[in-house]
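Residue numbering for the sequence shown follows the UniProt record's numbering, beginning at 1 and increasing consecutively.
Note that these hints are calculated values from the structure, not bench results.
Mixed in with the good hints there might be a few duds.
Claimed, not checked - No more than 25 Å apart at the CA atoms, straight line, and that leaves these computed lysine to any residue pairs for SDA-like:
id, residue 1, residue 2
1, LYS239, ALA171
2, LYS239, ALA102
3, LYS239, VAL159
To be verified - Cβ-Cβ distance ranges computed for the label pairs, FRET-style:
id, residue 1, residue 2, range
4, GLY167, ARG71, 41 to 51 Å
5, GLY56, ASP36, 14 to 24 Å
6, GLN175, PRO20, 48 to 58 Å
7, ILE29, GLU225, 42 to 52 Å
8, ARG245, ARG164, 36 to 46 Å
9, ALA235, ALA17, 35 to 45 Å
10, GLU223, ASP36, 42 to 52 Å
11, GLY148, ALA64, 46 to 56 Å
12, GLU190, LEU40, 29 to 39 Å
13, ALA88, ILE39, 14 to 24 Å
14, THR155, ARG227, 17 to 27 Å
Here the structure is a predicted model, which is why all the values come from computation and not from measurement.
For each residue, glycine too, the CB sits at the ideal point set by N, CA and C.
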Amino acid sequence: MSIVSERPAVTGLPVTALGPRFGAEIDGIDLGRLDDDQILALREALVAYKVLFVRGQHGLDDAAQIEFGRRLGEVTVGHPVHDSGDVAPEVYSLDSQDNGFADVWHTDVTFVRRPPAISVLRAVVLPPNGGDTSWADSQLAYESLSPGLRAYVDTLTAVHDGSREFGYYLAQRRQGRGNLWEGEVFTELEPVEHPVVRVHPESGRKGLFVNPGFTSHIVGVSEYESRGILDILYAHLTKPEHVVRHRWQPGDVALWDNRSTAHYANRDYGDRHRVMHRITLRGDIPVGPSATGR
1 MSIVSERPAV TGLPVTALGP RFGAEIDGID LGRLDDDQIL ALREALVAYK VLFVRGQHGL
61 DDAAQIEFGR RLGEVTVGHP VHDSGDVAPE VYSLDSQDNG FADVWHTDVT FVRRPPAISV
121 LRAVVLPPNG GDTSWADSQL AYESLSPGLR AYVDTLTAVH DGSREFGYYL AQRRQGRGNL
181 WEGEVFTELE PVEHPVVRVH PESGRKGLFV NPGFTSHIVG VSEYESRGIL DILYAHLTKP
241 EHVVRHRWQP GDVALWDNRS TAHYANRDYG DRHRVMHRIT LRGDIPVGPS ATGR
(Lines of atoms letter the chains of each structure in order from A and count residues from 1; the text may use other names and numbers.)
(Lines give C-alpha, C1' and ligand atoms only; values in the text may rest on other atoms or scores of the structure.)
Protein backbone atom coordinates (compact mmCIF):
# COMPACT_ATOMS: atom_id res chain seq x y z
CA MET A 1 0.00 0.00 0.00
CA SER A 2 1.42 3.35 -1.06
CA ILE A 3 0.11 6.60 0.39
CA VAL A 4 1.34 10.00 -0.70
CA SER A 5 0.88 12.38 2.21
CA GLU A 6 3.11 15.29 1.30
CA ARG A 7 1.39 18.56 0.42
CA PRO A 8 3.07 21.66 -0.94
CA ALA A 9 3.53 24.47 1.55
CA VAL A 10 0.92 27.19 1.24
CA THR A 11 2.02 30.71 2.10
CA GLY A 12 0.11 33.96 2.51
CA LEU A 13 -2.98 32.49 4.21
CA PRO A 14 -3.67 31.40 7.82
CA VAL A 15 -4.32 27.74 6.96
CA THR A 16 -5.11 25.23 9.71
CA ALA A 17 -5.04 21.61 8.53
CA LEU A 18 -7.95 19.45 9.71
CA GLY A 19 -6.08 16.19 9.27
CA PRO A 20 -2.71 14.87 8.20
CA ARG A 21 -3.62 14.73 4.51
CA PHE A 22 -6.95 16.37 3.73
CA GLY A 23 -9.08 19.44 4.51
CA ALA A 24 -8.26 22.81 6.08
CA GLU A 25 -9.82 25.87 7.66
CA ILE A 26 -8.74 29.41 6.83
CA ASP A 27 -9.48 31.94 9.54
CA GLY A 28 -9.44 35.73 9.65
CA ILE A 29 -9.92 36.49 5.95
CA ASP A 30 -12.64 38.22 3.95
CA LEU A 31 -13.21 36.42 0.65
CA GLY A 32 -14.48 39.67 -0.85
CA ARG A 33 -11.28 41.57 -0.05
CA LEU A 34 -8.41 39.24 -0.93
CA ASP A 35 -5.47 40.65 -2.87
CA ASP A 36 -4.06 38.93 -5.95
CA ASP A 37 -1.37 37.06 -4.02
CA GLN A 38 -3.96 35.70 -1.60
CA ILE A 39 -6.14 34.53 -4.48
CA LEU A 40 -3.17 32.63 -5.92
CA ALA A 41 -2.46 31.17 -2.49
CA LEU A 42 -6.08 30.09 -2.19
CA ARG A 43 -5.90 28.23 -5.50
CA GLU A 44 -2.69 26.58 -4.31
CA ALA A 45 -4.37 25.61 -1.03
CA LEU A 46 -7.31 24.08 -2.88
CA VAL A 47 -5.05 21.78 -4.85
CA ALA A 48 -3.11 20.87 -1.71
CA TYR A 49 -5.94 20.42 0.80
CA LYS A 50 -8.79 19.72 -1.66
CA VAL A 51 -11.50 21.24 0.54
CA LEU A 52 -11.32 24.53 2.46
CA PHE A 53 -13.71 26.00 5.02
CA VAL A 54 -13.89 29.75 5.63
CA ARG A 55 -16.10 31.01 8.45
CA GLY A 56 -17.49 34.47 9.17
CA GLN A 57 -18.33 35.50 5.59
CA HIS A 58 -21.56 37.23 6.62
CA GLY A 59 -21.13 40.06 4.11
CA LEU A 60 -20.99 37.71 1.11
CA ASP A 61 -24.14 37.74 -1.03
CA ASP A 62 -24.74 36.13 -4.43
CA ALA A 63 -23.09 38.96 -6.36
CA ALA A 64 -20.01 38.95 -4.13
CA GLN A 65 -19.83 35.15 -4.31
CA ILE A 66 -19.87 35.29 -8.10
CA GLU A 67 -17.26 38.06 -8.18
CA PHE A 68 -15.04 36.06 -5.85
CA GLY A 69 -15.43 33.06 -8.15
CA ARG A 70 -14.40 35.12 -11.16
CA ARG A 71 -11.14 35.96 -9.43
CA LEU A 72 -10.49 32.24 -8.91
CA GLY A 73 -11.38 31.13 -12.42
CA GLU A 74 -14.11 31.14 -15.09
CA VAL A 75 -17.56 30.96 -13.49
CA THR A 76 -20.03 28.66 -15.24
CA VAL A 77 -23.80 28.73 -15.35
CA GLY A 78 -25.14 27.38 -12.06
CA HIS A 79 -26.24 24.04 -13.52
CA PRO A 80 -26.74 22.51 -17.00
CA VAL A 81 -30.46 21.82 -16.53
CA HIS A 82 -31.73 23.04 -13.14
CA ASP A 83 -33.69 26.28 -12.88
CA SER A 84 -32.95 27.91 -9.52
CA GLY A 85 -35.57 30.61 -9.95
CA ASP A 86 -35.03 34.21 -8.92
CA VAL A 87 -31.25 34.14 -8.57
CA ALA A 88 -28.36 35.01 -10.88
CA PRO A 89 -27.82 32.44 -13.67
CA GLU A 90 -24.42 31.57 -12.17
CA VAL A 91 -26.03 30.39 -8.92
CA TYR A 92 -27.33 26.90 -8.24
CA SER A 93 -29.74 27.16 -5.30
CA LEU A 94 -30.09 23.97 -3.26
CA ASP A 95 -33.34 24.60 -1.40
CA SER A 96 -34.74 21.81 0.76
CA GLN A 97 -38.27 23.11 0.10
CA ASP A 98 -37.75 22.52 -3.64
CA ASN A 99 -36.19 19.05 -3.42
CA GLY A 100 -32.72 20.61 -3.18
CA PHE A 101 -30.98 17.65 -1.59
CA ALA A 102 -27.59 16.07 -2.24
CA ASP A 103 -27.80 13.02 0.00
CA VAL A 104 -25.82 10.68 -2.22
CA TRP A 105 -22.06 10.63 -2.69
CA HIS A 106 -21.24 12.53 -5.86
CA THR A 107 -18.82 14.84 -7.62
CA ASP A 108 -20.47 17.89 -9.16
CA VAL A 109 -21.80 17.59 -12.72
CA THR A 110 -19.58 14.71 -13.88
CA PHE A 111 -22.25 13.86 -16.48
CA VAL A 112 -20.88 16.51 -18.86
CA ARG A 113 -17.80 16.34 -21.05
CA ARG A 114 -15.97 19.04 -19.08
CA PRO A 115 -17.05 18.87 -15.41
CA PRO A 116 -16.47 21.88 -13.15
CA ALA A 117 -13.02 22.16 -11.57
CA ILE A 118 -13.98 23.97 -8.36
CA SER A 119 -17.19 24.56 -6.41
CA VAL A 120 -17.89 27.36 -3.92
CA LEU A 121 -20.82 26.75 -1.55
CA ARG A 122 -22.32 29.37 0.76
CA ALA A 123 -24.73 28.73 3.63
CA VAL A 124 -27.86 30.89 3.17
CA VAL A 125 -30.45 29.27 5.45
CA LEU A 126 -29.48 26.60 7.97
CA PRO A 127 -31.58 24.33 10.17
CA PRO A 128 -30.87 24.63 13.91
CA ASN A 129 -28.96 21.37 13.70
CA GLY A 130 -28.21 18.70 11.14
CA GLY A 131 -27.37 19.18 7.48
CA ASP A 132 -23.62 18.53 7.78
CA THR A 133 -21.63 17.91 4.59
CA SER A 134 -18.83 15.37 4.18
CA TRP A 135 -16.06 15.28 1.57
CA ALA A 136 -13.98 12.28 0.52
CA ASP A 137 -10.38 12.51 -0.73
CA SER A 138 -10.34 10.59 -4.01
CA GLN A 139 -6.55 10.83 -4.37
CA LEU A 140 -5.82 9.37 -0.95
CA ALA A 141 -8.42 6.68 -1.65
CA TYR A 142 -6.66 5.75 -4.88
CA GLU A 143 -3.21 5.78 -3.31
CA SER A 144 -4.32 3.49 -0.47
CA LEU A 145 -5.63 0.79 -2.83
CA SER A 146 -3.48 -2.31 -3.26
CA PRO A 147 -0.91 -2.01 -6.09
CA GLY A 148 -2.65 -4.64 -8.19
CA LEU A 149 -6.03 -2.97 -7.97
CA ARG A 150 -4.50 0.43 -8.71
CA ALA A 151 -2.90 -0.99 -11.85
CA TYR A 152 -6.21 -2.49 -12.96
CA VAL A 153 -8.43 0.56 -12.38
CA ASP A 154 -5.85 2.71 -14.19
CA THR A 155 -7.02 1.00 -17.39
CA LEU A 156 -10.78 1.45 -16.93
CA THR A 157 -13.33 3.88 -18.33
CA ALA A 158 -16.76 4.62 -16.82
CA VAL A 159 -19.99 6.08 -18.12
CA HIS A 160 -21.52 9.07 -16.31
CA ASP A 161 -25.24 9.62 -16.85
CA GLY A 162 -27.17 12.64 -15.58
CA SER A 163 -30.55 11.30 -16.68
CA ARG A 164 -30.95 9.19 -13.55
CA GLU A 165 -30.95 12.33 -11.40
CA PHE A 166 -32.14 15.04 -13.78
CA GLY A 167 -33.77 13.30 -16.75
CA TYR A 168 -37.35 13.60 -15.50
CA TYR A 169 -36.70 17.15 -14.30
CA LEU A 170 -35.38 18.21 -17.73
CA ALA A 171 -38.24 16.57 -19.63
CA GLN A 172 -41.13 17.59 -17.37
CA ARG A 173 -40.22 20.74 -15.43
CA ARG A 174 -38.08 22.32 -18.16
CA GLN A 175 -40.04 20.89 -21.13
CA GLY A 176 -36.84 19.54 -22.63
CA ARG A 177 -34.92 22.82 -22.64
CA GLY A 178 -32.21 23.29 -20.03
CA ASN A 179 -29.56 25.96 -19.64
CA LEU A 180 -26.75 27.22 -21.85
CA TRP A 181 -23.65 25.24 -20.86
CA GLU A 182 -20.34 25.22 -22.74
CA GLY A 183 -21.93 27.18 -25.56
CA GLU A 184 -24.99 25.02 -26.19
CA VAL A 185 -28.42 24.60 -24.66
CA PHE A 186 -28.96 21.29 -22.90
CA THR A 187 -31.94 19.52 -24.48
CA GLU A 188 -31.00 15.97 -23.54
CA LEU A 189 -28.64 14.25 -21.14
CA GLU A 190 -26.40 12.07 -23.24
CA PRO A 191 -24.09 9.81 -21.19
CA VAL A 192 -20.38 10.64 -21.33
CA GLU A 193 -17.27 8.55 -20.67
CA HIS A 194 -14.51 9.50 -18.22
CA PRO A 195 -11.48 7.59 -16.97
CA VAL A 196 -12.04 5.75 -13.69
CA VAL A 197 -8.72 7.21 -12.50
CA ARG A 198 -8.16 10.89 -13.19
CA VAL A 199 -4.77 12.59 -13.29
CA HIS A 200 -5.03 16.00 -11.66
CA PRO A 201 -3.98 18.64 -14.24
CA GLU A 202 -2.11 20.75 -11.66
CA SER A 203 -0.64 18.34 -9.12
CA GLY A 204 -0.23 15.30 -11.36
CA ARG A 205 -1.67 13.04 -8.64
CA LYS A 206 -4.08 10.25 -9.52
CA GLY A 207 -7.51 9.98 -7.95
CA LEU A 208 -10.65 7.88 -8.31
CA PHE A 209 -13.14 9.61 -10.59
CA VAL A 210 -16.33 7.61 -10.15
CA ASN A 211 -19.29 8.44 -7.93
CA PRO A 212 -22.64 6.81 -7.03
CA GLY A 213 -24.57 9.92 -8.03
CA PHE A 214 -23.72 9.91 -11.73
CA THR A 215 -21.55 6.91 -12.68
CA SER A 216 -23.75 4.25 -14.28
CA HIS A 217 -21.27 1.51 -15.22
CA ILE A 218 -17.77 0.49 -16.23
CA VAL A 219 -17.15 0.15 -19.96
CA GLY A 220 -16.16 -3.24 -21.40
CA VAL A 221 -17.15 -5.52 -18.51
CA SER A 222 -20.37 -7.28 -17.60
CA GLU A 223 -23.05 -5.55 -15.55
CA TYR A 224 -22.27 -7.89 -12.64
CA GLU A 225 -18.52 -7.14 -12.82
CA SER A 226 -19.18 -3.42 -13.18
CA ARG A 227 -21.32 -3.32 -10.08
CA GLY A 228 -18.75 -5.30 -8.12
CA ILE A 229 -15.88 -3.03 -9.15
CA LEU A 230 -17.81 0.15 -8.42
CA ASP A 231 -19.04 -1.14 -5.05
CA ILE A 232 -15.46 -1.87 -4.02
CA LEU A 233 -14.29 1.58 -5.11
CA TYR A 234 -17.20 3.41 -3.44
CA ALA A 235 -16.73 1.57 -0.16
CA HIS A 236 -13.03 2.36 -0.21
CA LEU A 237 -13.49 6.00 -1.24
CA THR A 238 -15.83 6.72 1.67
CA LYS A 239 -13.84 5.01 4.43
CA PRO A 240 -13.69 7.30 7.50
CA GLU A 241 -9.95 7.91 7.12
CA HIS A 242 -10.61 9.39 3.67
CA VAL A 243 -13.44 11.70 4.82
CA VAL A 244 -13.72 15.11 6.49
CA ARG A 245 -17.08 16.35 7.81
CA HIS A 246 -18.19 19.96 8.19
CA ARG A 247 -20.82 21.24 10.62
CA TRP A 248 -22.24 24.38 9.05
CA GLN A 249 -22.57 27.72 10.83
CA PRO A 250 -24.08 30.99 9.51
CA GLY A 251 -21.52 32.81 7.36
CA ASP A 252 -19.68 29.64 6.31
CA VAL A 253 -18.27 29.14 2.83
CA ALA A 254 -16.76 25.87 1.58
CA LEU A 255 -14.53 25.58 -1.48
CA TRP A 256 -13.51 22.26 -2.95
CA ASP A 257 -11.65 20.75 -5.87
CA ASN A 258 -14.03 18.52 -7.84
CA ARG A 259 -11.04 16.92 -9.58
CA SER A 260 -9.98 15.23 -6.33
CA THR A 261 -13.07 14.92 -4.12
CA ALA A 262 -16.60 13.58 -3.77
CA HIS A 263 -19.13 14.87 -1.25
CA TYR A 264 -22.38 14.06 0.55
CA ALA A 265 -24.91 16.34 2.30
CA ASN A 266 -26.76 14.84 5.26
CA ARG A 267 -30.55 14.91 4.94
CA ASP A 268 -31.21 14.59 8.67
CA TYR A 269 -33.06 17.80 9.50
CA GLY A 270 -36.64 16.77 8.72
CA ASP A 271 -38.86 19.50 7.33
CA ARG A 272 -36.69 22.34 8.61
CA HIS A 273 -35.42 24.74 5.97
CA ARG A 274 -31.93 24.54 4.45
CA VAL A 275 -30.72 26.67 1.52
CA MET A 276 -27.22 26.60 0.06
CA HIS A 277 -25.98 28.65 -2.92
CA ARG A 278 -23.29 27.12 -5.10
CA ILE A 279 -21.21 28.44 -7.95
CA THR A 280 -18.81 26.39 -10.06
CA LEU A 281 -15.67 27.17 -12.04
CA ARG A 282 -15.04 25.81 -15.50
CA GLY A 283 -12.90 22.70 -15.59
CA ASP A 284 -11.09 20.63 -18.17
CA ILE A 285 -11.74 17.29 -19.84
CA PRO A 286 -10.74 14.50 -17.40
CA VAL A 287 -7.59 12.67 -18.48
CA GLY A 288 -6.55 9.22 -17.32
CA PRO A 289 -3.14 7.64 -16.75
CA SER A 290 -2.93 6.14 -20.24
CA ALA A 291 -3.21 9.59 -21.82
CA THR A 292 -0.51 11.10 -19.62
CA GLY A 293 1.89 8.16 -19.42
CA ARG A 294 1.65 8.17 -15.61
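Original post:
Are LYS239 and ALA102 close enough, with their CA atoms no more than 25 Å apart?
Top reply: Since the Cα atoms of LYS239 and ALA102 sit roughly 19 Å apart, the hinted pair holds (cutoff 25 Å).
Original post:
Does 42 to 52 Å hold as the CB distance between ILE29 and GLU225, or does it fail?
Top reply: 48 Å, holds
Subject >> Range agreement (Cβ of ASP36 with Cβ of GLU223, hint 42 to 52 Å) >> reply: 51 Å, holds
**OP:** Could you say whether the range 17 to 27 Å given as a hint is met by the Cβ separation of THR155 and ARG227?
**Re:** 18 Å, holds
Original post:
When you check the alpha-carbon spacing of LYS239 and ALA171, does it fall within 25 Å?
Top reply: 36 Å, violated
Subject >> Satisfaction of hint between VAL159 and LYS239, Cα-Cα up to 25 Å >> reply: Holds, at about 23 Å.
**OP:** Return holds or violated for the Cβ distance of GLY56 and ASP36 against the range 14 to 24 Å.
**Re:** 22 Å, holds
Subject >> ARG164 and ARG245 - C-beta distance against the hinted 36 to 46 Å >> reply: 26 Å, violated
Original post:
Holds or violated: 35 to 45 Å for the Cβ distance of ALA235 and ALA17?
Top reply: 26 Å, violated
Original post:
Does the Cβ pair GLY167, ARG71 satisfy 41 to 51 Å?
Top reply: The hint (41 to 51 Å, Cβ to Cβ) is violated, given that GLY167 and ARG71 are roughly 35 Å apart.
Original post:
Does the Cβ distance between ALA88 and ILE39 fall inside 14 to 24 Å?
Top reply: 21 Å, holds
Original post:
How does the Cβ-Cβ distance of GLU190 and LEU40 compare with 29 to 39 Å: does it lie in that range?
Top reply: 37 Å, holds
In summary, the structure is inconsistent with hints 1, 4, 8, 9 from the numbered list given earlier, while agreeing with the others.
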